[in-house]
Every structure is written in C-alpha cells, then in structure tokens.
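Just so you know, the protein sequences line up as chains W and D, in that order.
Under my numbering, the first residue of the first sequence carries the number 1028, and numbering increases by one thereafter.
Under my numbering, the first residue of the second sequence carries the number 2, and numbering increases by one thereafter.
One or more hints might be untrue.
Unchecked claim - Once the Cα atoms are required to be at most 27 Å apart in a straight line, the calculated DSS-like pairs of lysine-lysine come out as: (1) W/K1178 with D/K125; (2) W/K1178 with W/K1047; (3) D/K125 with W/K1033; (4) W/K1047 with W/K1165; (5) W/K1047 with W/K1117; (6) W/K1178 with W/K1117.
Derived by calculation from the structure, the hints in this document are not laboratory data.
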Amino acid sequence: MWNYEKRLEYPVNITTPNAKLAQIIMSQYGGPDGEIGASMRYLSQRYTAPNRTVSAVLTDVGTEELAHLEIVSTIVHQLTRGLSAEELEKAGFAPYYVDHTVGIWPQSAGGYPFSSSELQSTGDPTADLFEDLAAEQKARLTYDNILRLVKDPAVADPIRFLRAREIVHFQRFGEALRSVQEELDAKNFYAFNPSFDAPVSCPPATV
Amino acid sequence: MNRGNSMNMPQGCGRPCGRMAAEERMMAQPMNHRTGCTGREAVTEMPCQARETASQRTCQMREAASQRACQMREAVSQKSCQKKEAGPMPCPEKETRTPMPCPERETCPRECNIPTRSREQLLKFLDEESFAVYEALLFLDTHPDDADAHAFFREHHSRRIAALDAYARLYGPLTIDAMDDSASCSWEWMQQPWPWEGMEGGAC
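Please take these sequences and the hints and turn them into a complete structure.
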C-alpha cells in the first residue's frame, strides 16, 4: 500500500505566475508521456513480473512517479495561482480555465484528457520493459522540450531534476530487462511468455 | 575462552571465528588448535590434522574478511554521529562490540549532525537524505549484492529517520509514523502547510 509523506521529492517555489507555461507543463501531468501515465503503467505491469527484480523496479519506480506527478501539478498550480480571469485569458489559458478555473486536471497541453490509451500493460515482460524504456525516453524528451521554453530558474530547477530522474529510471529498466533475458533461451528470447506460459519461479518467502 | 594468542586473531572484531564457533556447537567440545584434536577423530572421517590445518586456514581467511568488512562499516558509521537504535545490526561481528564513541552524543543525541537552525534547512537536509535513500533503493533492486550500496543505504536511512523525527518534534509530523500528538492540542498533520503551497503559502 502507499503512505503519504508531506513533502515534495524536490522543492518547488515559484514566485512569478505564468499561465502560458502552465498550459505547456501540464502535459507532464496528464499528457501522453506524463507522470500519471508512467506511474499507472509501471504499477499495473508489476503483477505479471516474472521475477522479483522486475517486481521491485516496477514498484519503486512507479512509486517515485507518483511523487513526480505531485511535483508537476505543484508547478502548474504555482504558475496559475493568484491570476485574474483577464490575465489567464491574455495568456491563452481561457479554454482550460472555463472548464477547470485554476484547478488541476489531468490533460495534455493540447487538451486531450488522460486515458489508459496512453499506456500499455501487455502481460509480457519483454514487451512491457521495452515499453518502459521508451516511456522514460519520451518523458525525457518532453522535459527537454519544456526546458527550451522556460526562462524562469525557479521553474527550470525542478524540471531539470525530473528530467535527470527519467534517465536514471531508463537505466534501471535496462537492468531489469536484462534480468528477464538472462532467464530465457538466448537462442530464442521469444519462444514463450515467461509470465504466462511457464510457472513463475519466485522463490517462496523464507520464514 | 582466550583464542587470541594461539590464532593470531585480529583484534578488531574480537569474536571467535564463526567456523570454529559452529564446529564447537556441533562437537559440543571446545576446539583447541594448539593442543590438537580432542577426540574428534572418532566422529570425522578426514584425518584430524589435515582438517585442523584446513579449518585454521579458512578461519583466518574469514577473520581477515570480516575484519575488513568491520573496518569498512566503522568508517561509514564514524561519519554519522548517531545512536544506532532499533533494528538489526548490519555487521554481525559488531553484536559484541560497544557502540561507536560519539562525543557529540551527550549534547545532541538524536539531532546529532542534523542542522536545526531553521525549518527550511532541516527540510532540505531531510530532502537530501531521503533522495539518497530512494536512489540507493532503486540501485539495490538491480544490484542486491553490492556491499557499498548497502552501506550507503544504511547510513542515509538512519539519518533520514533521525531527520523525520527531529522535524516532527519541532515542526509537526510529515508521515503517519512520525505522529505523536499526545502532547499537542491541535492536529498538526492538517494544520502545517502542505507541500505544494511553497514559500508563499496557499489559499488558506
């Protein structure tokens, strides 16, 4: 289960609101490569993990992504708080504002609501882990795109932290994938789905 | 039992060689390498002397390895001047040792090494230690046999626990485990600022 710790994984202290930037950054909350998608993807894939390395990596990275979605939504919140309706409208924020005021709602920058279509959980660990590697790269590039548009250091700082974490997660998923492949036939990785066609070989819990 | 002289055992850990201790229990009679076997020929097939030599070599190797591990752990724990409280000791050889001397312990038992000047500084310290712990956690998931990573995890984990405790006592709890509201009249969990409020405070 999950406990809540009343602090951000990385501090966010933005003093200058900027609704235009908020519109863009919210894609890392509810967008196709955002943190909600990442956490739901990894936490969903855990159940068909073929070994405990994969269970642990998916659980721990998925949990960290929950911490990240909190950071992104904090950034969006601090970029929009205190603004009047006129200021929001002038920043191009009116379409979001009319439905959500300055509430936080998971959608992409382009207005697409978050959906499970943004992620897959295939039940095949090879496919799942390759998807996870790609997901981390997509998140990393989205943060790169955001950083090209950010001038405020108070915004760039937590974004850079999040970007660096994506690269570390990518590394961990690579190692998890290797742990799966090591248990497969090197001459044919795809002979069977180790999570479905073969009994799971997790050792029983020791007393 | 004084085995130090006969075995030239390193002083660091001061505990009888694990293998000897195990065989002791098994044979229910003390092994004495100096005077040779004491009736063990009857129960073992290997020639007693060859077995003694082999087990003495193994014992010395084990002592050297465990002394190295002990020294490594001492170096790590020396950096962190905290009481090693509840929880299993990481170094089995240390079970018989006295805790690391910590001069500051008398004046700052739990906040030792923790900045207490301001809430922001304590939170920053907590953020840093927590990040180190989580990063080590991820690394250990795919490198579970890395001893350095385990040592790193333990050091920062104990600092994080101490920081959480100090923060809770000074400013209010950040986790359910740090809650101890028996002394307060208000529900600090709710009253203290929430993390997204930042420096400016929220709508409240």
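Holds or violated: W/K1178 with W/K1047, Cα cutoff 27 Å? 12 Å, holds
Please verify whether W/K1178 and W/K1117 have alpha carbons no more than 27 Å apart. Holds. W/K1178 to W/K1117 sits at ~19 Å (cutoff 27 Å).
Please work out if W/K1178 and D/K125 have their alpha carbons no farther apart than 27 Å. It holds: about 24 Å lies between the C-alpha atoms, which stays within 27 Å.
Given the hint that W/K1047 pairs with W/K1165, test it: the Cα-Cα distance must not exceed 27 Å. 22 Å, holds
Is W/K1047 close enough to W/K1117, meaning Cα to Cα at most 27 Å? 9 Å, holds
Agreement of D/K125 and W/K1033 with the hint, judged by alpha carbon distance not exceeding 27 Å: Roughly 13 Å between the alpha carbons, so the hint for D/K125 and W/K1033 holds.
Hint check: no violations occur; every hint is consistent with the structure.
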